[in-house]
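Asker: As a plain string of letters, each chain reads:
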Amino acid sequence: MDASEAAPARDADLRARLAAGDDDALGEIYDMYAPLVHGLARRVTGDAEAARDVTQEVFVGLWERPLAFDPERGSLRGWLATLAHRRAVDWVRREARRRRPPPEDADRTGPGGADEAVLAGELASGVKRSLNALSPPLRDALELAYYRGLTYREVAVALGIPEGTAKSRIRSALAQLGRRLESEGLFP
Amino acid sequence: MSEDRHPAASGALAAWALDACPSDEATVIGEHLSACGPCSREAGRLRDTAGLLAAAVAVRPPPRLRESVLAAARRSRPGTSAGSALDAGAAATATAGMVAGAVAGAVPAEDLAGAYAEQVAGMDRLLGTLTAAHWRTPVPRYASVLDLVAHLTGNDAAFAADLGLPAGRAGGAREAWYAQAGAVVRGVSADARLLDRRASLAGAERVPASGRVALVQRAFETWTHADDIRAALGRPAEPPPGEHLRFVVELGTGLLPRALRALGRHHPGRTARLLLTGPGAGEWLVPLAPGEGPGLPDVTVIASAEDFCRLLADRIAPARFPHRTEGDRALADDLLRAAATLGCD
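Here the protein sequences come in this chain order: A and B. Going by the UniProt record's numbering, the first residue of the first sequence is number 1, and it counts up by one from there. Going by the UniProt record's numbering, the first residue of the second sequence is number 1, and it counts up by one from there.
Simulated from the structure, these hints should not be mistaken for laboratory data. One or more hints might be untrue.
Incomplete in silico selection of chain A near chain B, CB under 10 Å [stated by the list, open to error]:
1. A19
2. W63
3. A68
4. T151
5. V155
6. R171
Only a predicted model underlies this, so the values are computations on that prediction, with no experimental measurement involved. Virtual Cβ for every residue (Gly too), placed ideally from N, Cα, C.
Sequences and hints are given; from them, build the entire structure.
Answerer: Structural data, given as structure tokens:
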């Protein structure tokens, strides 16, 4: 399909431009992916300031080390989401160590609850559909792990299930989600 | 534990892809992934799925964030912006500029240019943090950081001249170095064909080499000297990404047969196998005399790719180089001694 073939080539081209010091390329990437990076950071941290910091760290990090992104191993979207998630999770775990529980607000209970302008693209609504099609036990495990930044051990405690079960629910949830997204044509 | 061996098979990899493993487990899995192709590809796929989960919660960032992010980026590594030679067209030309017989294989010129650009950016960040006292600090082989940076500028200028690129400009040590290194980055990024020109390697003998090989050496030398400065200031080393270590290993293995002969320790008809681990991992067959192709290995040397690069830089002495040998140990010793002669000052 056109779209799935164009994306890796475009990603590789953007990477080359970043490596060559072309800051216009960084602006283009920001315009494409800042909502994703910022939205994810906002969801995981539940903190507006932390979300801004994470967003800045992610894009500056990409600018400083563009070749750390390897187009052979996944998409630029996936890479930026990975960086954003990791930094957001680091923030959550640092906060947890300071014994300040992350704020609970409606924004964090699940997709669709945000009071900010949620971007309702075809992709986002397809992902939400696929997520809502998961059985509740699987969806809970996946959402706690990904959107709340819990480890599988913390997921086990939160849901009152053994650690092995938490791990296998996360695995099944991600696998089922991948298959559904594939059948919706959202995931090559 | 079996799941430490192949986390893809056990479910741990899915948790890892969501950053949901405790840090000790994540470290073990990360190490496994750097060495296991199938698990690493599966991890990439799982992370891409997770990336779509991120798309479901996208929200518009505050409008002012854009400018503050781009400004922070420019502060960390100056960009070239529109109108310069490094526009999209030039970058696309560099991307398309696949030239056979790169360092050893066919590495896109853009990747080599990028590797050097990244080292230049790293060195520039480092120099930006130095105080006046730091600049006067002695480093091994140099009276001061200032002298070392001047030496680096000289080697960059020689390379720029080989390729017909403009000279830098006079100024303070940092500005002069950055101007020269920047001229090289811009020149080779804008026209990858420059790298097909002949150049000579930095070092006493000025060994002739292709521009591509010489550019890898520039990246390698810049990294090595940045680590020299960090070590002198008591800061931790910052190894380049594995991909760049691989370029350096390619550079070194390509030069080894001649270095063996220069030491009088070449072995016609014999071959060594280098099995390097960690970031930059890979396998290289090295003929132990010039002008020969590799045969079946007579000896295998197993070591970390990063350590091997430091051996090539003569920052680890052969006698202290951590490695294992399988096969003819005397051949391995000669190989390591020759490797340590390849570093430049």
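Asker: Hint by hint, note whether the structure agrees.
Answerer: Consistency of the hints with the structure:
1. Hint status for A19 (chain A): holds, given a least beta-carbon distance of 3 Å to chain B, under 10 Å.
2. Interface hint status for W63 (chain A): upheld, as the beta-carbon distance to the closest one in chain B is roughly 4 Å, under 10 Å.
3. Using the Cβ-Cβ criterion of 10 Å, the hint placing A68 (chain A) at the interface with chain B is satisfied: the shortest such distance is roughly 6 Å.
4. Below 10 Å, beta-carbon pairs count as interface contacts, and T151 (chain A) has one with chain B at about 5 Å; its hint therefore holds.
5. A distance limit of 10 Å between C-beta atoms decides the matter here; for V155 (chain A) the minimum to chain B is near 7 Å, and the interface restraint holds.
6. Restraint check, R171 (chain A) versus chain B: the minimum CB separation of about 4 Å is within 10 Å; hint holds.
Checked against the numbered hints above, the structure breaks none of them.
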